[in-house]
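There are 2 protein chains.
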Amino acid sequence: MLSFQHLLESFEREFCREIQSIQSTAPVQLYEPIAYSLKVGGKRIRPVLMLHAASLFTPNIGDVYPAATTIELFHNFTLLHDDIMDHAGIRRGVPAVHVRYGENSAILSGDAMSIMAFQFLTKCDPEKLSTLLSLFSKTALEICEGQQHDMEFEKRDQVTIPEYLEMIRLKTAVLIACSLKMGAFIAGADDQSCSLLYDFGIQAGIAFQLQDDWLDVYGDENSFGKKIGGDICENKKTFILLSTLEKSSDQDRISLKNWMGKTDFDPKDKIESVRDIITRSGAAEETKKLMKHYHDLALGTLNKLQIEDSEKEELRNFAGQVLSRVK
Amino acid sequence: MLSFQHLLESFEREFCREIQSIQSTAPVQLYEPIAYSLKVGGKRIRPVLMLHAASLFTPNIGDVYPAATTIELFHNFTLLHDDIMDHAGIRRGVPAVHVRYGENSAILSGDAMSIMAFQFLTKCDPEKLSTLLSLFSKTALEICEGQQHDMEFEKRDQVTIPEYLEMIRLKTAVLIACSLKMGAFIAGADDQSCSLLYDFGIQAGIAFQLQDDWLDVYGDENSFGKKIGGDICENKKTFILLSTLEKSSDQDRISLKNWMGKTDFDPKDKIESVRDIITRSGAAEETKKLMKHYHDLALGTLNKLQIEDSEKEELRNFAGQVLSRVK
Chain A
6 MLSFQHLLES FEREFCREIQ SIQSTAPVQL YEPIAYSLKV GGKRIRPVLM
56 LHAASLFTPN IGDVYPAATT IELFHNFTLL HDDIMDHAGI RRGVPAVHVR
106 YGENSAILSG DAMSIMAFQF LTKCDPEKLS TLLSLFSKTA LEICEGQQHD
156 MEFEKRDQVT IPEYLEMIRL KTAVLIACSL KMGAFIAGAD DQSCSLLYDF
206 GIQAGIAFQL QDDWLDVYGD ENSFGKKIGG DICENKKTFI LLSTLEKSSD
256 QDRISLKNWM GKTDFDPKDK IESVRDIITR SGAAEETKKL MKHYHDLALG
306 TLNKLQIEDS EKEELRNFAG QVLSRVK
Chain B
6 MLSFQHLLES FEREFCREIQ SIQSTAPVQL YEPIAYSLKV GGKRIRPVLM
56 LHAASLFTPN IGDVYPAATT IELFHNFTLL HDDIMDHAGI RRGVPAVHVR
106 YGENSAILSG DAMSIMAFQF LTKCDPEKLS TLLSLFSKTA LEICEGQQHD
156 MEFEKRDQVT IPEYLEMIRL KTAVLIACSL KMGAFIAGAD DQSCSLLYDF
206 GIQAGIAFQL QDDWLDVYGD ENSFGKKIGG DICENKKTFI LLSTLEKSSD
256 QDRISLKNWM GKTDFDPKDK IESVRDIITR SGAAEETKKL MKHYHDLALG
306 TLNKLQIEDS EKEELRNFAG QVLSRVK
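Protein chains in written order, with the numbering used here: chain A, 6 to 332; chain B, 6 to 332.
For reference, chain A alone in the conformation it holds in the complex:
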């Protein structure tokens, strides 16, 4: 088993080389925006999870780097195109690609990034390629479906909680699950282990998204690393908001819908007022309860995995972060 920290450093080294090579490829107008979006960083969670999953089954994880690159490229491609669709101007503290290079460049460089993600799979063992391409392309399509639901929910008056959970499964969890499963599969793990790691990824991924929703309301801007209250300002129908709509008093519900209907408001005012309504409704507790539920499911799945218990430590810690950051 290799630690996340060790894997992060080693992936980052490899990936930096890839970025350098992308940056110097012609035509520069196509490839520079790709390098720009990749250089800005990100936590590289998905490739690290893939490499770690592989390390549970083999000491030799050299074969996993191309697929890890596939996942990181694809994840960043989705962010790039999502930012166009969401009219998001800032990504990781710097101008989004469509702001910096224009919308056409963002569309086309994103397209190229998605293709490059598939291209990296050609560096995998040809005998494993069919399975890898099936899993990855299915996952990639599911992520598009998740984004479609997300965009569509914004226009709707009502979204049910099961609909929301399915959306975040597609938009967020499946790529985490796919990363773990691909890592294990490349390392030669048996089908059952691959499936369990996939399920663990889904459960932990949903817990993480619920945490993200919670942090948008209650997080500390410095440690969260992004602006607080963004979801509130955009009336994002997150679990915490849907639950507030369900649980709050009639008066608070009217007040919340009133805030949601305003087009002209002081963000600080709206964030504070909506946060108070959320708190009074008990939706914050409800969200923590659901996070805990998915966290426990994830640990239960991990328990079934047929490897030494001590080998499960990193994944247990990974899932555990969900609880530690939410007070």
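Treat the hints loosely; a few may be bogus.
If several chains are the same, the list does not tell them apart, and a pair holds so long as it fits within one copy or across any two.
Heads up, simulated EDC-like pairs for lysine to aspartate or glutamate below, C-alpha to C-alpha not over 20 Å straight-line [claimed, not checked]:
hint: 1; residue 1: K160; residue 2: D314
hint: 2; residue 1: K252; residue 2: E290
hint: 3; residue 1: K293; residue 2: E168
hint: 4; residue 1: K293; residue 2: D68
hint: 5; residue 1: K267; residue 2: E19
hint: 6; residue 1: K160; residue 2: E108
hint: 7; residue 1: K143; residue 2: E37
hint: 8; residue 1: K241; residue 2: D269
hint: 9; residue 1: K160; residue 2: D301
Note that these hints are calculated values from the structure, not bench results.
Go by the hints and put chain B onto chain A.
Showing chain B alone in chain A's frame:
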């Protein structure tokens, strides 16, 4: 060898089934725009070429349909995203996807289409998958590069003829070449035959694009199937225009640049005046000469192919269309 007509009908039957199934997949907001863009038609040249190339080497071309679907999906994906980037409102006589469904849908459904193209490759023989994915992803990336050059040329004052030819090689010819090569490869053709068919595709593809440029100036709207003079109105730096800029008299060149600088003009006036300048310069003849050159190269390549001469008839006719439509 199977005739284009026969293959077109049989591909169309299979493809219709795929479109039906895409159309009824949830979420409908993601998949309906895809079905819409595919149903509008198109000549299905690339899948037909692929199936035909396969039929030169095997009587059993059933294995080739998934890859033919890959190519047709990917081609239509590029049109869909190109229409957003070019602000083109009409495609094949009906509103473009971004006009009909909105820009966000067009971006996301296009992304899904590109992914589905890769997904269809998983239905190919796993033993051949690595080679197919390498060729296809390289080609897909080259098409993005071609589109990038095309967009960039619009902003430039000067484009050289070699730069233009490289752009159309990437944007148009490589997908035709890739289709032929994939068909032959799946059918078990030897490396040399695959390479020759690829080269034939590049040469014929360039000839076809030059023909398209010529038809935009001199074509008959009814038989060409699209509006004449579109390139002229948009100042597209096609070979025929670049050659006109090179060969026309000083007076005509000034007049042409004057037309190109106008933002407010009657399209009919501009098309007629520019056409006259093109005709006087001799660029039309120059374009036909270059088309003929690539046509002859294509036939020369076809000659080297180690199959019965009678089997080459359809591809010879295909390349020959370049000359027959240009009078």
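Status of the hints after comparison with the structure:
Taking the shortest Cα distances, K160 and D314 never come within 20 Å of each other, neither inside one copy (46 Å) nor across copies (61 Å). In this assembly of identical chains, K252 and E290 lie within 20 Å of each other by CA distance solely inside one copy; the values are 11 Å within and 77 Å between copies. Taking CA atoms no more than 20 Å apart as the test, K293 paired with E168 passes inside one copy only; the shortest distance there is 19 Å, against 59 Å between copies. Neither within a single protomer nor between protomers do K293 and D68 lie at most 20 Å apart by alpha-carbon distance, with minima of 38 Å and 52 Å respectively.
Proximity of K267 and E19 under a CA criterion of 20 Å is satisfied in neither setting, with 48 Å inside one chain copy and 51 Å between copies. In this assembly of identical chains, K160 and E108 lie within 20 Å of each other by CA distance solely across copies; the values are 15 Å between and 23 Å within a copy. For the identical chains of this complex, K143 and E37 are inter-copy neighbours only, at 18 Å across copies versus 28 Å inside a copy, given an alpha-carbon limit of 20 Å. For a Cα distance limit of 20 Å, the shortest separation of K241 from D269 inside one copy, 17 Å, qualifies, whereas the shortest one across copies, 44 Å, does not.
Neither within a single protomer nor between protomers do K160 and D301 lie at most 20 Å apart by alpha-carbon distance, with minima of 33 Å and 57 Å respectively.
Checked against the numbered hints given earlier, this structure breaks hints 1, 4, 5, 9; the rest are met.
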